[in-house]
Each structure stands twice: as structure tokens, then as C-alpha cells.
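Trainee: Please model the complete structure; the sequences and the hints are all you need to start from.
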Amino acid sequence: MNSHTINGSIRILSSEKIDVRYVAKLARIALTDDEVERFGTQLSDLLEHVDALSRLDVSQVAATAQVVESRNVERPDEERPCLNRETVLTEAPQRQGGFFRVPRIIAE
Amino acid sequence: MSETMSAREARGPHEVGGAEARPERRFEAVIGIECHVELKTRSKMFCGCPNEFGGEPNTNVCPVCLALPGALPVANTAAIEHMIRAGLAFNAEIPAFSKFDRKNYFYPDMPKDYQISQYDMPLTQGGVVRYWLDDGTMKECRLTRIHLEEDTGKSTHAGSGDGRIAGSTYSLVDFNRAGVPLMECVSEPEIHSAEEAVGYLESLRRTLQQIGVSDVKMEEGSLRCDANVSIRPVGSTELGTKTEIKNMNSFRSVHRAIESEIERQIAVIESGGRIVQETRGWDEVKGVTHSMRSKEQAHDYRYFPDPDLVPLEVSRAVVERIRAELPELPPARFVRYTTQYGLDVKQATQLIDNVALALYFDEVVNASGNAKQSTNFVLGDLSRLANETQTPVHASPVTPAHLAELIALVEGKTINSKIAKDLIERMWRGEGSPKAIVEREGLAQTSDPAAIEKFVDDVLAANEKSVGEYKAGKTNVIGFLVGQVMKASKGKADPQLVNALMKQKLES
Ligand SMILES: [Zn+2]
Numbered sequence: 046m047n048s049h050t051i052n053g054s055i056r057i058l059s060s061e062k063i064d065v066r067y068v069a070k071l072a073r074i075a076l077t078d079d080e081v082e083r084f085g086t087q088l089s090d091l092l093e094h095v096d097a098l099s100r101l102d103v104s105q106v107a108a109t110a111q112v113v114e115s116r117n118v119e120r121p122d123e124e125r126p127c128l129n130r131e132t133v134l135t136e137a138p139q140r141q142g143g144f145f146r147v148p149r150i151i152a153e
Numbered sequence: 017m018s019e020t021m022s023a024r025e026a027r028g029p030h031e032v033g034g035a036e037a038r039p040e041r042r043f044e045a046v047i048g049i050e051c052h053v054e055l056k057t058r059s060k061m062f063c064g065c066p067n068e069f070g071g072e073p074n075t076n077v078c079p080v081c082l083a084l085p086g087a088l089p090v091a092n093t094a095a096i097e098h099m100i101r102a103g104l105a106f107n108a109e110i111p112a113f114s115k116f117d118r119k120n121y122f123y124p125d126m127p128k129d130y131q132i133s134q135y136d137m138p139l140t141q142g143g144v145v146r147y148w149l150d151d152g153t154m155k156e157c158r159l160t161r162i163h164l165e166e167d168t169g170k171s172t173h174a175g176s177g178d179g180r181i182a183g184s185t186y187s188l189v190d191f192n193r194a195g196v197p198l199m200e201c202v203s204e205p206e207i208h209s210a211e212e213a214v215g216y217l218e219s220l221r222r223t224l225q226q227i228g229v230s231d232v233k234m235e236e237g238s239l240r241c242d243a244n245v246s247i248r249p250v251g252s253t254e255l256g257t258k259t260e261i262k263n264m265n266s267f268r269s270v271h272r273a274i275e276s277e278i279e280r281q282i283a284v285i286e287s288g289g290r291i292v293q294e295t296r297g298w299d300e301v302k303g304v305t306h307s308m309r310s311k312e313q314a315h316d317y318r319y320f321p322d323p324d325l326v327p328l329e330v331s332r333a334v335v336e337r338i339r340a341e342l343p344e345l346p347p348a349r350f351v352r353y354t355t356q357y358g359l360d361v362k363q364a365t366q367l368i369d370n371v372a373l374a375l376y377f378d379e380v381v382n383a384s385g386n387a388k389q390s391t392n393f394v395l396g397d398l399s400r401l402a403n404e405t406q407t408p409v410h411a412s413p414v415t416p417a418h419l420a421e422l423i424a425l426v427e428g429k430t431i432n433s434k435i436a437k438d439l440i441e442r443m444w445r446g447e448g449s450p451k452a453i454v455e456r457e458g459l460a461q462t463s464d465p466a467a468i469e470k471f472v473d474d475v476l477a478a479n480e481k482s483v484g485e486y487k488a489g490k491t492n493v494i495g496f497l498v499g500q501v502m503k504a505s506k507g508k509a510d511p512q513l514v515n516a517l518m519k520q521k522l523e524s
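Residue numbers (the numbering used here), protein chains in the order written: chain A, 46 to 153; chain B, 17 to 524.
Since the hints were made in silico from the structure, they are not lab data.
Zero decoy hints are in this set.
In the DSSO-like style, the derived pairs of lysine-lysine whose C-alpha atoms are separated by at most 27 Å in a straight line are:
| # | chain 1 | residue 1 | chain 2 | residue 2 |
| --- | --- | --- | --- | --- |
| 1 | A | K70 | B | K128 |
| 2 | A | K70 | B | K170 |
| 3 | B | K434 | B | K519 |
| 4 | A | K70 | B | K119 |
Stretch-level coverage of chain B by chain A, calculated; a stretch enters the list once three of its residues show a Cβ under 8 Å from a Cβ in chain A:
| # | region |
| --- | --- |
| 5 | 61-71 |
| 6 | 185-194 |
| 7 | 327-341 |
We put the CB at the ideal spot given by N, CA and C, even for glycine.
Mentor: Now the structure itself:
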């Protein structure tokens with residue numbers, strides 16, 4: 046993927062072609078060639094839109110990691126009731142005894 | 017980084033595999049250690065489910081830790097304070113601002129398909145772990161950072177017969193552990209042997225346990241560690257290609273795995289090969305590391321700030337309150353015991369690993385002013401009695417004040433060491449003040465020369481045969497004769513005086 050590292054984080058520029066197949070692989074989505082073409086265009090449009098922000102003068106704006114103002118939303122270290130296991134496992138596609146049963150894990 | 021290197025090189029190259037392991041030291045090992053430590057809290061990191069080991073599978077779960085749609089995480093204050101506590105214990109910086117990020121990847125034991133972690137603004141930055149080796153040498157290894165994240169669930173690979181992922185046909189997942197607060201502690205690559213790695217881990221474990229942030233039990237998975245190992249020619253400052261060693265289940269495995277990996281890498285290089293950057297698993301039975309054959313694609317975790325969690329502002333007041341609560345830490349205690357009190361490494365370590373005993377010992381030393389005798393009694397007679405009766409020393413009837421009193425009686429030669437041993441047994445049984453027992457029962461040592469001379473004369477008169485043997489050159493019978501005097505005096509005679517007088521009489 047075409048990307049640049051700025052302060053350790055990856056940034057994709059709209060002027061560069063987005064690797065839709067790579068993004069799809071990260072998201073575990075299988076795409077047809079047509080879809081790759083269609084989503085590629087759509088994602089590029091999105092990135093271009095976001096890129097408009099970089100044309101703004103933000104030198105007077107403090108950096109933030111959150112758009113909401115609040116800070117330190119915490120809870121005291123207290124136990125709360127859990128869900129009943131049967132309730133939990135009833136919704137599972139597959140179960141075995143008290144466990145969720147999942148397909149074979151392929152080491153990455 | 018270059019500063020570190022030059023500082024380290026200035027101290028001289030370290031040996032690979034210990035001083036005795038390799039006669040020629042052409043390579044230096046460079047090791048960094050990554051630990052995952054489960055924090056000791058009542059509830060999980062972002063929900064109120066119990067944080068406990070060993071529950072029935074999938075019983076400690078709720079919408080938050082199962083990632084059911086709409087559930088929102090709320091950070092546990094106790095876990096955040098544990099992070100600050102750990103950071104301060106290792107002299108790390110506690111930034112005023114911190115946040116949580118999402119680390120995106122897929123694995124069945126992680127129900128959200130991302131892990132809440134900390135990327136660029138962890139709760140602690142830097143710091144240093146001070147540790148010691150078996151020969152008492154103090155060492156240091158700097159920390160890169162300690163960050164807070166949530167643990168994953170636990171998967172059991174089934175259908176292959178041996179629980180391994182290879183060949184398994186399905187997996188079973190238990191989410192009890194999902195969302196347990198987890199601290200990731202990353203060291204700089206400043207460790208140079210398997211011994212140092214274990215020393216580092218021991219110190220880290222002792223410290224985290226003693227400040228109360230974790231049980232740090234490898235057997236229960238509350239402490240897990242991986243090692244990054246590379247080698248380079250002695251004198252070089254460049255880092256070689258590293259491998260990451262996993263599956264080490266005890267400190268003994270860490271030692272063996274690192275030794276074995278260093279040897280393997282040296283063999284590869286010496287036979288003209290190249291080290292491949294990869295993850296290698298430690299095989300406890302075969303005693304070797306093996307490639308885990310994972311495709312070494314660079315992970316792309318696409319970290320971004322978690323919009324469900326607001327940032328943390330860490331108040332200086334909280335930091336100072338936590339700093340003030342910290343106990344004396346293991347490395348400081350080690351230095352105090354070995355340099356100030358003259359304890360050997362084994363004695364110091366024994367006390368450090370039993371904090372209640374160490375606190376008791378400190379009180380005895382303070383009250384008696386005699387570190388040597390305090391060590392002898394606390395690690396000798398008292399520890400033996402504690403073992404025999406399964407009662408911790410600090411919970412026994414022998415108070416530090418009483419023990420100090422006993423030490424004073426020995427120091428002032430009011431009683432000899434034999435009486436002292438007898439007294440400590442009686443104090444253990446709850447007879448109270450040793451001074452009171454001595455006075456009540458007239459156990460004070462007899463140093464009156466006239467009284468001792470009488471005992472000596474009586475013994476010599478009654479043992480003519482031994483006297484004859486002594487004069488014929490069999491001088492070791494003096495021990496028997498002195499013993500007879502001690503017996504006659506009911507142990508109260510000053511043994512040194514008896515010895516001197518006996519010798520004088522036999523040789524006159
Ligand atoms: Zn929960």
C-alpha cells in the first residue's frame with residue numbers, strides 16, 4: 046500500500062491509489078474484481094474529502110484524541126453481576142459444553 | 017539508542033552464556049524482554065465481571081467483555097492506579113495525559129476484533145529495572161514503556177490430540193479472561209545473558225508482587241514473557257537480526273531457552289549462515305527453540321484512539337499519593353542488607369522474598385543494633401521453628417523486642433549461646449521476656465573465676481584417665497573435659513573462661 050509514516054502512524058494520501066485488496070484482506074472481506082474497482086473509487090473519494098481538512102490552517106488548534114471534552118470517565122473497582130452462561134451460549138453459532146466452539150485457527 | 021550502546025560498551029563486553037560456558041567470547045548476546053502481567057483487581061478492566069483465575073468457562077462474562085453490540089467500556093480506576101504504582105516503582109515518567117487506542121486484528125479469543133490498548137501515549141514512559149545476579153552484582157535494564165491493555169480470552173485447540181494448534185480441527189473459547197487488565201512491560205535490549213534475563217525477571221516479579229499490583233504467577237498465566245534475542249560480534253555496536261522466543265513457562269525455561277537460542281545463533285553465524293527474523297517456540301522437552309513458521313508479514317494493526325473511551329488526565333496529586341504509599345522495594349532492600357548489614361546474597365534474597373520476615377528482621381536490627389546476631393537468630397533458630405511448627409515468625413510469640421533483649425543478653429555475656437538456644441525455644445512456646453526467664457531461673461552465665469575454677473578442679477579430679485591422655489599428646493580430649501564442666505554448671509559457665517582455665521591447668 047502506498048503510505049507515509051508521520052509520527053509513527055500510517056497515513057494514506059488520496060493522491061495515491063488505495064490498495065483495496067489489502068484493505069479487504071485486513072477486514073477479512075472477499076471482493077470480486079468489480080467490487081475492487083467500485084470500492085476503490087469510493088474510498089478514494091472519501092480520502093479526498095478527508096484531505097480537504099489538511100488544507101485548513103490548524104496551527105491555532107490544540108491536538109486532540111477525542112472530540113468530546115470529558116476526561117477520566119472511570120468506574121470504581123467493583124464487581125457487577127455477569128450474564129447467565131446458558132443465555133450467553135444460546136446465541137453462539139456453535140458450542141461445546143461451557144465453551145464457544147470455533148473453526149480451526151490457522152496460525153498467521 | 018546510540019547513547020545506550022556507548023555507555024554499555026564503556027563497561028566492557030559481557031560474556032555469552034555465563035563466564036564458564038564459552039572459553040572464547042566472540043559474540044555478545046543482546047536481549048530484550050517483553051512481559052505481560054495481569055493486574056490484581058476485583059473486576060475487569062472495562063466492566064464489572066470478576067477478575068479471577070480458574071472459574072467455570074464463560075461464567076465471568078457480560079455484554080462489554082463479550083463485545084455485544086451497544087455495550088460500552090468504562091475504565092477501572094484501580095487498574096489505572098496500579099499502572100502508576102508500577103511506573104513509580106521502576107522510576108518511570110508518568111505523563112499528565114494518556115489515552116486508549118484500538119489495536120485491530122482478528123483472533124477468535126478476542127470478541128471485539130480489536131484489543132483496547134495504548135499506542136503512542138501510554139500511562140508510563142521509560143523507567144529502569146534494577147536487579148542482582150547470584151554473585152551479588154547489581155545490574156540495570158531500562159524500560160521502554162509500560163502500557164495498559166485488556167487480556168484476551170483463552171482458546172484450547174482441540175481435535176489434534178495434543179492441544180497444539182497444528183493439526184487441530186477446531187478450538188474452544190473461554191472468555192473469562194477477556195477484558196482482564198493487562199500490563200505490557202517492554203525492556204530495552206540491554207540484557208546480555210540468560211542469567212541476566214532471569215535476574216531481571218526475578219526483580220520485576222518481586223517488585224510487582226510486593227507493590228500489590230499482580231500475583232505474577234507464571235503457572236496461572238498472570239505473568240507471561242517473551243524474549244527478543246540477537247547476537248553480535250563483541251565490540252560491535254550494531255544490533256543483529258533478532259528472533260522472538262515464545263512459550264517459556266518458567267524462569268528455568270527462560271534461562272534454558274535463551275542459552276539454547278544464543279548457541280543456535282552462534283552456530284548459524286559461524287557456519288556462514290544468516291539469522292532470519294522470526295518467532296521461535298521453546299520446546300521444553302527437546303530443549304531447543306523451533307521456528308513457528310509464521311509468515312513474517314508486518315502486522316498492520318491500524319491503531320486509532322478508541323472513541324468509546326475518553327482520555328485520561330493523571331493528576332499530580334494522585335501520583336504523589338501513590339508514590340508516598342510505595343514500600344521499600346526489593347533492589348533497595350538488597351543493597352541495604354548486603355552493604356549495610358553484611359548479609360550474603362542468599363540471606364538477603366531469602367528475606368526479600370518473605371516481606372513479613374524482612375519487616376520483622378528490620379525491627380529486630382533496629383531494636384538490637386546487631387545485624388549479625390539478628391540474621392543468625394531470624395534466619396537460623398526462628399526460621400527453623402517456623403518451619404517445624406508451620407507458624408510464620410512474625411505471628412509467633414517471639415516479639416522483635418524480646419529477640420533484641422535476647423541478643424543483648426548474649427552480647428553482654430550474661431548468657432552463652434547454648435543457653436540462648438534453649439531460651440529461644442522457650443520464648444517460641446510463649447514464655448515471654450528472656451530477661452525475666454534468666455532472672456527467674458538463675459540462668460545467667462557464671463564468669464566468677466573462683467566458681468569456675470571449682471568446677472574445673474572437680475572435673476579434672478573425676479577424669480584422671482582423660483587428663484593422662486591429654487598429657488600423652490591427645491589434646492583433643494579437652495573438648496570432652498570442657499563439656500563436663502558445662503554440664504556440671506548446667507550450661508551457665510562462660511565457655512571461653514572454662515577453656516582457658518582448663519588449658520592452663522592441664523599444661524601446668
Ligand atoms: Zn464483563
